[in-house]
Amino acid sequence: MRPVPTVLASGEEFMLLRRHGGLWAAPGSAVHACEAQAGERVILRLASGAQLEADQVLGMVRGLGVRSLGAVLRTCWTESARGLAVHAGEPCVVIDEAAPPEALRFHGGVASEVEE
Amino acid sequence: MTEMADAERYLLLRAGDAFCALPLQQVRRVVRALTIHALPGAAPELLGLAEFAGEPLPVLDLGMLLGEASSAAAGSQVAGVTVVARIGDSEPPEIAGLAADEALEISALEMTRGTGASGRHGMVVGEALAGERHVTVLDLAAWKAA
Amino acid sequence: MPSEGQESRRPHDPSALAVTGRVTAIWLAWGMGVALLLAGGLLLSSATAYGAPRWLLMAFVGMVFATAVLHYLWVVRGHAVTLAPWWQSREVAGAFDELGAGDLIRGAALSKALPESVHERFTGTTAALGALAQRIQDGSIQLAGTAEGVEGVASDLASGASQQAASVVEITAAMEELSRTAAQIAQSSSEQADLASRAEASGQAGSQAVQSAAQGVAEVQQRILGISARADALGTRAKEIFRVLDLITEIAQETHILSLNAAIEAAAAGDRGRRFAVVAEEVRRLAQQTRESVDSVRGLLEEFAGAIRSTVVATEEGSKEVARVLDRARAGAAAIGELRDAAGDTARVARQISSVTHQQTAASDEVLTTLRDLNQVVQRMSRDLQELNDNARRLRRVGIGTQLLAQTFHLDSPRSLKHVAEAWRARLESAPRTELDATLGELLRQTPFAQTGFCSDGEGRGVALWVRPQPGGEVVREDARRIDVRERPWFRSLQRDHRTQVSQPHVSLVGGENCFTVAAPRLNPDGSLAGVIAVDVSASGWTAI
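First to last, the sequence lines map onto chains A, B and C.
Numbers in my numbering are just positions in the first sequence, counted from 1, shifted up by 82.
One point on numbering: in my numbering, the residue at position 65 of the second sequence is 46, and numbering is uninterrupted.
Numbers in my numbering are just positions in the third sequence, counted from 1, shifted up by 381.
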């Protein structure tokens, strides 16, 4: 009776990011540029023009099993995302490059820690 | 041992000082508390995401679903249990985790009072007596997006 | 005041008497020779006529021999005094009277009336007597000066000896106090030495007691450390038991969850899972009982662990307290040891002080004895010096007495007071009456050793008075009317004898000091006393004569 996972992009390459303690996956094709900041902080410029801020870039991964968000997440989380996945036993959110979550957005200036 | 009909059997849980009963057919698994990763921007009752059987699992705070204060801290391995249960009535069924302090027992209950769909997300449907305890009866299938 | 016929008023004229006596003696010698020859012839004829006894012939021969001797003595040798005529006896008596009154000058003058040989011998005798009086006078002055010096030195020495005696008394008193103090110090030091010895012994006992206590505490500390180690071991074991209980709890929890999941699966299996659900329930209850048992054991174990922790804490605190007590005991032992050593040092030093102080006391006693002897010596010396002072004072009085005795002689010397008084009288009698007072002042001024110059009438009432307030100082005139010498013994003698007098020492009517007076009479033409010229010589300044 396990739910059947919905694989959305099994062969796609993703960039794994660490931000606010959580694991995030950005589609590799959407990442236009990376700009290293102080320490391991990285500013990602997406093809859409949006800029993301990551505490750490873990690397690229291919073959994530991306599942849809489901009703609970859509109800209790206001952000939009392409889906959820698990990497190395840890859940991660696959972001929508067109509407990345506010928690990852970089609004210019000095890269800063966003209050949770 | 008293034989109980499936429709009457509930899993009794404790969340803080509150006790509740989940219909046994909605419960898929009881596991020790899963590690929860907080999700920025989530509602208070959504503690975060966990991994269960290789799949991502949203975990809800049972106490907050009952209208109690939060009893679980996200992002950490807390004492207690996570009840993996089917939530809502969608097909294929959607699975979510409920963070509780303790899974007490499986017991047959007779609802003493129906409350209709109340509580957060309208899952509280009534009350029952388990021994001398007053328990809140939840119906996870009654999940509402509101 | 000169007057005519003064010489005739003198008792005798020595030169006239001497010429008259010598002529008389020659005539008397020849007369007696003729008388003896006549008497011898008469005896010779009688002897021829009456058979001439032999004794008559011997008497004749004797008379001739006596006549020859007398002739030789009177005519050839001129010794006529002893056999001078009776009218010369008055001059001889007068000369001897003057000599007896001490007036050698007048006595020698009277002797001129005597035969030449007698006059020469009389003059020689008076000169020798005058020289003797002068030497006595000089000797008395030297004696008085020496006595005065001795008196001064003796007085100074007596004063010094008195001060020395007082100092010796003070030193003796101080030494006695010092000796008493030294004895007290010696006593105190001895007592202190005893106390310090007892303190040293007590310190020794205390040190041993504290060391024994420290050893006991150290043993207690070792035992507490053993208890602590055992308690730690028990705590470790309790923690191991807790881990086992945690593990059992974990297993029971897992079993409980497993039984729940089994029940869930049994429920999902429907009827086929009913029996399995029963087993799952039994497993759940077993797990529940296990948990409850573990909780019970955990409770007991927690009590046990709490007791162990309390024991550990108590033993740690006890160990710390014992360590502190041990430290304090060791510190106390060290302090008592130092105290004991200090008491020993104190006892040693106190014994030394006591010994030294005893020696000091003995030395002080010896010094005290010596000082007492010295005190007696000094007091004896002071008495002797006082006696010497008295003797010197007496000797000085003897000097004055001798001086006065010598001054009873009227010598032809400026140091003869009678000579001075009569020189004053001659000067005053030759001076006009109006200048009598000034002449008296001038005379006093010219006589440094004189203290007072005084003239009175024949009744002893003052006529003129000059005094010298300070020895060797200026003279001043004073009112003579306040002077009355009628009751003075020297004035009465002078009234009686009309001779120059030297008085015995008396209190001066002017200055109140001791003095003696030399007074010469002024006589009227009829021989009555017209007045007195008196000179006072201070008893303290007479040696300036």
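Calculated directly from the structure, the hints in this document are not laboratory data.
On a predicted model such as this, the values are computed, not experimentally measured, just so you know.
From the three backbone atoms N, C-alpha and C, an ideal C-beta is built for every residue, glycine too.
Misleading hints may appear alongside valid ones.
To be verified - Computed beta-carbon distance windows for the label pairs: (1) S150(A) to T617(C): 49 to 59 Å; (2) G48(B) to R187(A): 48 to 58 Å; (3) E663(C) to G171(A): 30 to 40 Å; (4) A650(C) to G95(B): 28 to 38 Å; (5) G(-3)(B) to E697(C): 53 to 63 Å; (6) G48(B) to A650(C): 55 to 65 Å.
Stated by the list, open to error - Chain B is faced by these chain C residues, among others (derived, beta-carbon under 10 Å): (7) A547; (8) V550; (9) A554; (10) T636; (11) H637; (12) S640; (13) L641; (14) A644; (15) I645; (16) A648; (17) A661; (18) R761; (19) M762; (20) D765; (21) Q767; (22) E768.
What the hints assert, rightly or not - If we take Cβ atoms under 8 Å as the criterion, some of the chain B residues that face chain C in the derived model are: (23) R(-10); (24) R10; (25) V12; (26) A84.
When the least beta-carbon distance from R761(C) to chain B is tested against 10 Å, hint result: Hint on R761(C): violated, closest Cβ of chain B at ~121 Å, above 10 Å.
Do the numbers back the hint for S640(C), that is, is its least Cβ distance to chain B under 10 Å? Holds. Min distance 9 Å.
Using 10 Å as the Cβ threshold, decide whether Q767(C) counts as touching chain B. Nearest chain B Cβ about 125 Å off; hint violated.
Minimum beta-carbon distance criterion (10 Å), I645(C) to chain B: Holds, about 5 Å.
Tell me if A84(B) is really an interface residue toward chain C, meaning its C-beta lies closer than 8 Å to one of theirs. 6 Å, holds
Would the hint on E768(C) be counted as holding, given a Cβ-Cβ threshold of 10 Å to chain B? Status violated, d = 129 Å.
Is 30 to 40 Å a correct range for the gap between the Cβ atoms of E663(C) and G171(A)? 34 Å, holds
Can you verify the interface hint for D765(C): is its Cβ closer than 10 Å to any Cβ in chain B? 126 Å, violated
A closest beta-carbon separation below 10 Å is what the hint needs, so does A547(C) meet it against chain B? 111 Å, violated
Does 48 to 58 Å hold as the CB distance between G48(B) and R187(A), or does it fail? Distance hint for G48(B), R187(A) is violated at roughly 34 Å.
Just to be careful: measuring from the Cβ of A661(C) to every Cβ in chain B, is the smallest value less than 10 Å? Nearest chain B Cβ about 8 Å off; hint holds.
Please verify that hint: A648(C), Cβ, nearest Cβ of chain B, below 10 Å or not. Where the cut-off is 10 Å and the nearest Cβ of chain B is about 5 Å from A648(C), the hint holds.
Of the hints listed earlier, those the structure fails to meet are numbers 2, 5, 6, 7, 8, 9, 10, 18, 19, 20, 21, 22, in rising order.
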